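Protein chains: 2
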Amino acid sequence: MLPDPIKKFAAAFAQLPSIGLRQATRLAFHIASLSKAQIRELADAITALGTLTTCTRCFRTHLGSGDLCAICSDPTRNTGLIAIVEKETDIISLEKTRKFNGWYLLLGELHKSGELEHEQKLRIEHLKKFIAKELGGKATEIILAINPTVYGDLNAALLKKDLEPLAQTITRLGRGIPTGGEIEFADEDTLGEAIERRK
Amino acid sequence: MLPDPIKKFAAAFAQLPSIGLRQATRLAFHIASLSKAQIRELADAITALGTLTTCTRCFRTHLGSGDLCAICSDPTRNTGLIAIVEKETDIISLEKTRKFNGWYLLLGELHKSGELEHEQKLRIEHLKKFIAKELGGKATEIILAINPTVYGDLNAALLKKDLEPLAQTITRLGRGIPTGGEIEFADEDTLGEAIERRK
Numbered sequence: 001m002l003p004d005p006i007k008k009f010a011a012a013f014a015q016l017p018s019i020g021l022r023q024a025t026r027l028a029f030h031i032a033s034l035s036k037a038q039i040r041e042l043a044d045a046i047t048a049l050g051t052l053t054t055c056t057r058c059f060r061t062h063l064g065s066g067d068l069c070a071i072c073s074d075p076t077r078n079t080g081l082i083a084i085v086e087k088e089t090d091i092i093s094l095e096k097t098r099k100f101n102g103w104y105l106l107l108g109e110l111h112k113s114g115e116l117e118h119e120q121k122l123r124i125e126h127l128k129k130f131i132a133k134e135l136g137g138k139a140t141e142i143i144l145a146i147n148p149t150v151y152g153d154l155n156a157a158l159l160k161k162d163l164e165p166l167a168q169t170i171t172r173l174g175r176g177i178p179t180g181g182e183i184e185f186a187d188e189d190t191l192g193e194a195i196e197r198r199k
Numbered sequence: 200m201l202p203d204p205i206k207k208f209a210a211a212f213a214q215l216p217s218i219g220l221r222q223a224t225r226l227a228f229h230i231a232s233l234s235k236a237q238i239r240e241l242a243d244a245i246t247a248l249g250t251l252t253t254c255t256r257c258f259r260t261h262l263g264s265g266d267l268c269a270i271c272s273d274p275t276r277n278t279g280l281i282a283i284v285e286k287e288t289d290i291i292s293l294e295k296t297r298k299f300n301g302w303y304l305l306l307g308e309l310h311k312s313g314e315l316e317h318e319q320k321l322r323i324e325h326l327k328k329f330i331a332k333e334l335g336g337k338a339t340e341i342i343l344a345i346n347p348t349v350y351g352d353l354n355a356a357l358l359k360k361d362l363e364p365l366a367q368t369i370t371r372l373g374r375g376i377p378t379g380g381e382i383e384f385a386d387e388d389t390l391g392e393a394i395e396r397r398k
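Going down the list, the protein sequences come from chains A and B. So that you can map any letter, position 62 of the first sequence is 62 in the numbering used here, and since no number is skipped, the others follow by simple counting. Count along the second sequence from 1, then add 199; that gives the number in the numbering used here.
With the rest of the complex left out, here is chain A:
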């Protein structure tokens, strides 16, 4: 009953994360109603994503001719300082603070179970080899820049155990009351952390 191009689009896009078949079908009809120029713009935007490559050190997506991304190929960056993050957008947020001069290992989103996926295990192995080869066996610091949630804490604890021998110190991001937040509305855990980490 559905025209073939609608079906094909829906099937392809429903495979992407956070898009269901129903939403994909409605998107298809919407896009079909756009002008030829608008449709070309969308197709070109996708094709252009194919020009991006993955940094061979940190696994970030980057637009460059070399193997390394702009951060990993920057000689002023401290290679002994490594932040492990889940998402590309987390790197962008951390870079915006201009408070971090190391490099990142992009791990991908972590499972609630604390178990690493095959690809994530490979990335951790890759990090271990880098530390052995380039840093003489010990990084100065590994920051586990993972969300401070119950599952994040579980994953961080497991990663910490695994990486303990490879860094002088393993840290996580500070916790406390967010800037602009009010003590009245902070939950007990956050407030507890804020007291302990007072300065």
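Treat the hints with care, as some may be off.
Unchecked claim - Computed far set for chain A versus chain B, every beta-carbon distance over 10 Å:
id	residue
1	Thr79
2	Lys99
3	Gly114
4	Leu116
5	Leu135
6	Pro178
To be verified - No more than 20 Å apart at the CA atoms, straight line, and that leaves these computed lysine to any residue pairs for SDA-like:
id	chain 1	residue 1	chain 2	residue 2
7	B	Lys206	B	Arg256
8	A	Lys8	A	Thr47
9	A	Lys87	A	Thr171
10	A	Lys87	B	Lys332
11	B	Lys207	A	Glu41
12	A	Lys36	B	Pro216
13	A	Lys96	B	Asp203
14	B	Lys332	B	Thr288
15	A	Lys87	A	Pro75
16	A	Lys7	B	Asp203
17	A	Lys112	A	Lys161
18	B	Lys298	B	Lys332
19	B	Lys320	A	Ser33
20	A	Lys161	A	Leu122
21	A	Lys160	A	His111
22	B	Lys337	B	Glu318
23	A	Lys36	B	Glu318
24	B	Lys206	A	Lys160
25	A	Lys87	B	Leu233
26	A	Lys36	B	Asp388
27	A	Lys7	B	Ile238
28	A	Lys8	B	Lys332
29	A	Lys112	A	Val150
30	B	Lys327	B	Glu340
31	A	Lys96	B	Leu201
Bear in mind the hints are in silico, worked out from the structure with no lab data behind them. Remember, it's a predicted structure, so these values are computed and weren't measured experimentally. Ideal placement from N, C-alpha and C gives every residue a C-beta, glycine not left out.
Chain B: place on chain A using the hints.
Quick look at chain B alone, frame taken from chain A:
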């Protein structure tokens, strides 16, 4: 900070209904991580939507060489019987019942205010002209196949008033307890309709 192709994709896709900038950005990174072949498949799926055309009578999206879609060009269909629908997928659902032998006017999603958009007004005008020219001024029946919600009722009432002189009868879809549903869980309105429409 974001690579250019990621930014462009996010901007283009965030303009589509039900996709926000945040979701579009995450989609972009995901698609960038796919193989060249998978990226080409997605781009091709979009390009193929450009081959679809809009039926000049009912405004459905269709894949054909003529001006009219398969339903509107079918000589066994009763042109005096018209169902006004909001969505393409509603047409598909109604066709699946095999209980309707007329044709559809695709109006697009209606506003909660009951006001028609410019394009929707044009489609109603187009319907009026069709009835004047092809049906001698009166359709046999116009079914307002609009969702039985508060806003749907408002829109249907306004459309009914507007179309009253153009059809022998104007109806809406029957209401009652859905097949498989239980009286115990039916709301008062539905049950009231079910009693009135008993047969």
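Status of the hints after comparison with the structure:
1. Thr79: The claim holds: Thr79(A) sits with its nearest Cβ about 21 Å from chain B, beyond 10 Å.
2. Lys99: 15 Å, holds
3. Gly114: Per Cβ check, Gly114(A) is outside 10 Å of chain B; nearest 23 Å; holds.
4. Leu116: 17 Å, holds
5. Leu135: Holds, because the least Cβ-Cβ distance between Leu135(A) and chain B comes to about 27 Å, which exceeds 10 Å.
6. Pro178: Check passes; 19 Å lies beyond 10 Å.
7. Lys206(B) / Arg256(B): 39 Å, violated
8. Lys8(A) / Thr47(A): Given pair Lys8(A), Thr47(A) holds - Cα atoms ~17 Å apart, limit 20 Å.
9. Lys87(A) / Thr171(A): Roughly 18 Å between the alpha carbons, so the hint for Lys87(A) and Thr171(A) holds.
10. Lys87(A) / Lys332(B): 60 Å, violated
11. Lys207(B) / Glu41(A): 9 Å, holds
12. Lys36(A) / Pro216(B): This hinted pair holds, its Cα atoms lying about 18 Å apart.
13. Lys96(A) / Asp203(B): Holds, at roughly 17 Å.
14. Lys332(B) / Thr288(B): It is violated: about 29 Å lies between the C-alpha atoms, which goes past 20 Å.
15. Lys87(A) / Pro75(A): 24 Å, violated
16. Lys7(A) / Asp203(B): Cα-Cα ~30 Å, so violated.
17. Lys112(A) / Lys161(A): 17 Å, holds
18. Lys298(B) / Lys332(B): Violated. Lys298(B) to Lys332(B) sits at ~27 Å, over the 20 Å cutoff.
19. Lys320(B) / Ser33(A): Measuring from Cα to Cα gives roughly 17 Å; hence the hint holds.
20. Lys161(A) / Leu122(A): OK: Lys161(A) and Leu122(A) at ~17 Å, within 20 Å.
21. Lys160(A) / His111(A): This hinted pair holds, its Cα atoms lying about 16 Å apart.
22. Lys337(B) / Glu318(B): 23 Å, violated
23. Lys36(A) / Glu318(B): Within the cut-off at roughly 19 Å; holds.
24. Lys206(B) / Lys160(A): 34 Å, violated
25. Lys87(A) / Leu233(B): 16 Å, holds
26. Lys36(A) / Asp388(B): 46 Å, violated
27. Lys7(A) / Ile238(B): Distance ~17 Å between Lys7(A) and Ile238(B) Cα, so the pair holds.
28. Lys8(A) / Lys332(B): 38 Å, violated
29. Lys112(A) / Val150(A): Holds, because 9 Å separates the two Cα atoms, which is no more than 20 Å.
30. Lys327(B) / Glu340(B): This hinted pair holds, its Cα atoms lying about 13 Å apart.
31. Lys96(A) / Leu201(B): Status holds; Cα separation ~11 Å.
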